[in-house]
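K.L.:
Protein chains in written order, with the numbering used here: chain A, 1 to 360; chain B, 1 to 183.
I should point out that these hints are in silico values taken from the structure, not numbers from a laboratory. Think of the CB as a built atom: it goes at the ideal place given N, C-alpha and C, for glycine as much as any other residue. Please note that a few of the clues may not be correct.
Said to hold, decoys possible - One side of the interface only, derived from the structure: several residues of chain A facing chain B at Cβ under 7 angstroms: (1) Glu3; (2) Lys4; (3) Leu6; (4) Met178; (5) Lys181; (6) Arg185; (7) Gln187; (8) Gln188; (9) Ile269; (10) Leu340; (11) Met343; (12) Pro347; (13) Glu349.
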Amino acid sequence: MAEKVLKKGNEGIALGAIHCGCDGYFGYPITPQSEVMETLMEEKPWETTGMVVLQAESEIASINMVHGGACCGKKVMTSSSSPGLSLMCEGLSYLAASELPCVVVNVVRGGPGLGTIQPSQGDYYQAVKGGGHGDYKTIVLAPFSAQEMYDFVGLGFDLAFKYRIPVMMLTDGMIGQMMEKVELRPQQARLSDQEIVSRYGSWATTGKTSDRPKNAVTSLALESKVHEALNFKLQAKYAEITEHEVRFETLACEDAEYLLVAYGSVARICESAVEAARAQGIKLGLLRPITLFPFPNVEIQRMIPQLKGILSVELSAGQMVDDIRLAVEGKVPVHFYGRLGGMIPSPQEVLEACKAHYIK
Amino acid sequence: MKEEIIIAGFGGQGVLSMGKILAYSGIMQDQEVTWMPSYGPEMRGGTANVTVIISDKRISSPIVNTYDTAIILNQQSLDKFEPMVKAGGLLIYDPNGIIRHPVRKDIHIYSIEAVEEAAKLGNAKAYNMIVLGAFLKLKSIVKMENVIKGLKKSIPERHHHLIPMNEQAIEVGMGAAKQLNAV
Numbered sequence: 001m002a003e004k005v006l007k008k009g010n011e012g013i014a015l016g017a018i019h020c021g022c023d024g025y026f027g028y029p030i031t032p033q034s035e036v037m038e039t040l041m042e043e044k045p046w047e048t049t050g051m052v053v054l055q056a057e058s059e060i061a062s063i064n065m066v067h068g069g070a071c072c073g074k075k076v077m078t079s080s081s082s083p084g085l086s087l088m089c090e091g092l093s094y095l096a097a098s099e100l101p102c103v104v105v106n107v108v109r110g111g112p113g114l115g116t117i118q119p120s121q122g123d124y125y126q127a128v129k130g131g132g133h134g135d136y137k138t139i140v141l142a143p144f145s146a147q148e149m150y151d152f153v154g155l156g157f158d159l160a161f162k163y164r165i166p167v168m169m170l171t172d173g174m175i176g177q178m179m180e181k182v183e184l185r186p187q188q189a190r191l192s193d194q195e196i197v198s199r200y201g202s203w204a205t206t207g208k209t210s211d212r213p214k215n216a217v218t219s220l221a222l223e224s225k226v227h228e229a230l231n232f233k234l235q236a237k238y239a240e241i242t243e244h245e246v247r248f249e250t251l252a253c254e255d256a257e258y259l260l261v262a263y264g265s266v267a268r269i270c271e272s273a274v275e276a277a278r279a280q281g282i283k284l285g286l287l288r289p290i291t292l293f294p295f296p297n298v299e300i301q302r303m304i305p306q307l308k309g310i311l312s313v314e315l316s317a318g319q320m321v322d323d324i325r326l327a328v329e330g331k332v333p334v335h336f337y338g339r340l341g342g343m344i345p346s347p348q349e350v351l352e353a354c355k356a357h358y359i360k
Numbered sequence: 001m002k003e004e005i006i007i008a009g010f011g012g013q014g015v016l017s018m019g020k021i022l023a024y025s026g027i028m029q030d031q032e033v034t035w036m037p038s039y040g041p042e043m044r045g046g047t048a049n050v051t052v053i054i055s056d057k058r059i060s061s062p063i064v065n066t067y068d069t070a071i072i073l074n075q076q077s078l079d080k081f082e083p084m085v086k087a088g089g090l091l092i093y094d095p096n097g098i099i100r101h102p103v104r105k106d107i108h109i110y111s112i113e114a115v116e117e118a119a120k121l122g123n124a125k126a127y128n129m130i131v132l133g134a135f136l137k138l139k140s141i142v143k144m145e146n147v148i149k150g151l152k153k154s155i156p157e158r159h160h161h162l163i164p165m166n167e168q169a170i171e172v173g174m175g176a177a178k179q180l181n182a183v
């Protein structure tokens with residue numbers, strides 16, 4: 001039987017990285033995610049799997065180390081929190097344009113600016129709509145438990161290499177700092193240099209041999225025709241991801257007349273709100289997007305005929321609510337309820353907000 | 001079974017580790033647990049608190065507004081959390097340093113003189129385990145054998161020789177809780 005341990009979400013990320021055979025972690029400390037690197041330093045994976053763990057001199061250095069490692073076909077990652085992620089956005093755009101796989105974790109804190117270290121979801125736009133320059137996307141995973149923090153590192157690498165795309169884990173201090181039961185998976189071996197050549201030799205810069213043309217990884221294409229073609233290729237990839245990789249979970253949606261949409265930490269609170277609503281005979285359900293890009297548009301659209309109203313619940317001033325409105329195209333009323341600056345709503349507050357809008 | 005507990009006091013009293021041992025004990029008997037601390041500036045010299053939930057079923061929100069049990073180790077925490085105990089719930093506190101004592105009539109109130117008991121044991125570090133013992137006496141939600149397993153998992157191996165001392169402190173705590181009111 002798998003070992004069950006009590007771990008913080010942040011510790012789960014570190015263990016998930018080691019156990020899925022990650023080759024390298026490059027990071028710079030920032031609350032509320034410093035336990036990621038602290039745990040890696042305690043675990044010393046360089047003595048067991050050979051994984052490199054390095055404290056870079058800044059977030060900008062971290063993301064560019066990730067870029068370098070990814071060019072070589074290695075499973076590499078970084079983690080930071082909101083202000084650090086802002087610094088990484090240029091690098092993310094380059095990684096996406098160069099079609100490089102990697103995992104980037106954002107344990108979001110309250111913004112804008114230096115803000116607060118308390119939980120927030122104010123970086124939804126940055127994660128889902130780009131953040132850096134140009135028409136690019138990253139797959140965005142939103143874990144809502146310590147177990148998912150652990151599992152999604154491996155899942156993130158699988159998706160990143162399947163599509164050659166950066167994968168972001170968008171979470172916050174509530175999930176990062178909370179301890180829960182985590183079921184550990186068996187240690188996966190890191191890929192050997194030969195295995196990398198045989199799997200990714202077509203693109204990774206693994207050292208040119210005389211029997212093949214050189215591999216070049218670049219995001220520069222000065223000729224418009226070439227650059228447009230590169231953009232079309234990226235867009236086709238994003239369309240394929242949208243078709244095949246949507247992940248979500250529903251609670252009490254079969255007969256729901258009202259729907260909460262919430263991800264990550266707030267989805268936990270919304271689960272309690274749904275339980276309280278059902279106890280009062282209110283037909284409330286919850287849809288929890290697990291992927292924020294691609295967004296579960298189709299599932300929300302499928303529910304339109306049964307719904308009288310949707311409430312988007314976020315730790316932001318209202319960001320995901322835009323995507324819900326785009327999905328339903330005005331066919332169902334969509335309202336927003338959120339708290340800011342590290343404040344966390346109670347299940348009762350969520351239920352009251354829902355009643356205020358829809359159940360007079 | 002679902003027990004929602006707040007443990008609150010000063011940083012350094014062992015509030016967070018007491019919660020961790022309790023949560024680990026829950027895992028050892030295959031229950032679901034969450035351990036949600038206050039973190040950040042509050043931890044640096046001020047009050048520390050942690051919400052521990054132990055349940056037979058999956059736990060939704062790790063943050064709650066009301067508690068089945070409040071374990072209180074300083075005045076600020078007593079002032080803040082006494083009103084948040086569910087009617088019929090349990091409040092355990094160490095009267096050491098408390099000026100304004102709890103007043104509610106609709107909850108079970110117990111004291112645990114843990115500072116004094118720890119001094120008798122000659123080990124100030126046993127403080128939080130004495131408090132844990134008082135709680136386990138009043139609500140035996142986790143078995144003693146699982147608490148010992150939880151202790152083994154929570155503390156580094158180099159400190160495992162201290163487990164018998166911790167066990168003794170828990171037993172002292174079990175015998176030292178005093179009921180202060182009749183509900």
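K.L.:
Holds or violated: the hint that Lys181 (chain A) contacts chain B, with Cβ atoms closer than 7 angstroms.
P.N.:
holds, 5 angstroms
K.L.:
Would you check whether Leu340 (chain A) satisfies its interface hint, that is, whether its CB is within less than 7 angstroms of any CB in chain B?
P.N.:
violated, 16 angstroms
K.L.:
Can you verify the interface hint for Lys4 (chain A): is its Cβ closer than 7 angstroms to any Cβ in chain B?
P.N.:
holds, 6 angstroms
K.L.:
Return the status of the interface hint for Glu349 (chain A): holds when the least beta-carbon distance to chain B is below 7 angstroms, violated otherwise.
P.N.:
violated, 9 angstroms
K.L.:
Measuring from the C-beta of Leu6 (chain A) to each C-beta in chain B, is the shortest one below 7 angstroms?
P.N.:
Because about 5 angstroms separates Leu6 (chain A) from the closest Cβ in chain B, which is inside the 7 angstroms limit, the hint holds.
K.L.:
Should the hint that Ile269 (chain A) touches chain B count as held when the rule is a Cβ pair under 7 angstroms?
P.N.:
holds, 5 angstroms
K.L.:
Does the CB of Pro347 (chain A) sit less than 7 angstroms away from some CB of chain B?
P.N.:
holds, 6 angstroms
K.L.:
Does Gln188 (chain A) pass the interface check with chain B, least Cβ-Cβ distance below 7 angstroms?
P.N.:
It is violated, given that the least Cβ distance between Gln188 (chain A) and chain B is near 24 angstroms, above 7 angstroms.
K.L.:
Less than 7 angstroms between beta-carbons is the criterion; does Met178 (chain A) satisfy it with respect to chain B?
P.N.:
Met178 (chain A) check passes; min Cβ-Cβ to chain B is 5 angstroms, inside 7 angstroms.
K.L.:
Under 7 angstroms, Cβ to Cβ, is where Arg185 (chain A) needs to be relative to chain B, so tell me if that hint holds or is violated.
P.N.:
violated, 17 angstroms
K.L.:
Any CB of chain B closer than 7 angstroms to the CB of Met343 (chain A)?
P.N.:
With a minimum Cβ separation of about 11 angstroms from chain B (threshold 7 angstroms), the hint on Met343 (chain A) is violated.
K.L.:
Using the nearest Cβ pair, does Gln187 (chain A) come within less than 7 angstroms of chain B?
P.N.:
violated, 20 angstroms
Against the hints set out earlier in the document, violations occur for numbers 1, 6, 7, 8, 10, 11, 13.
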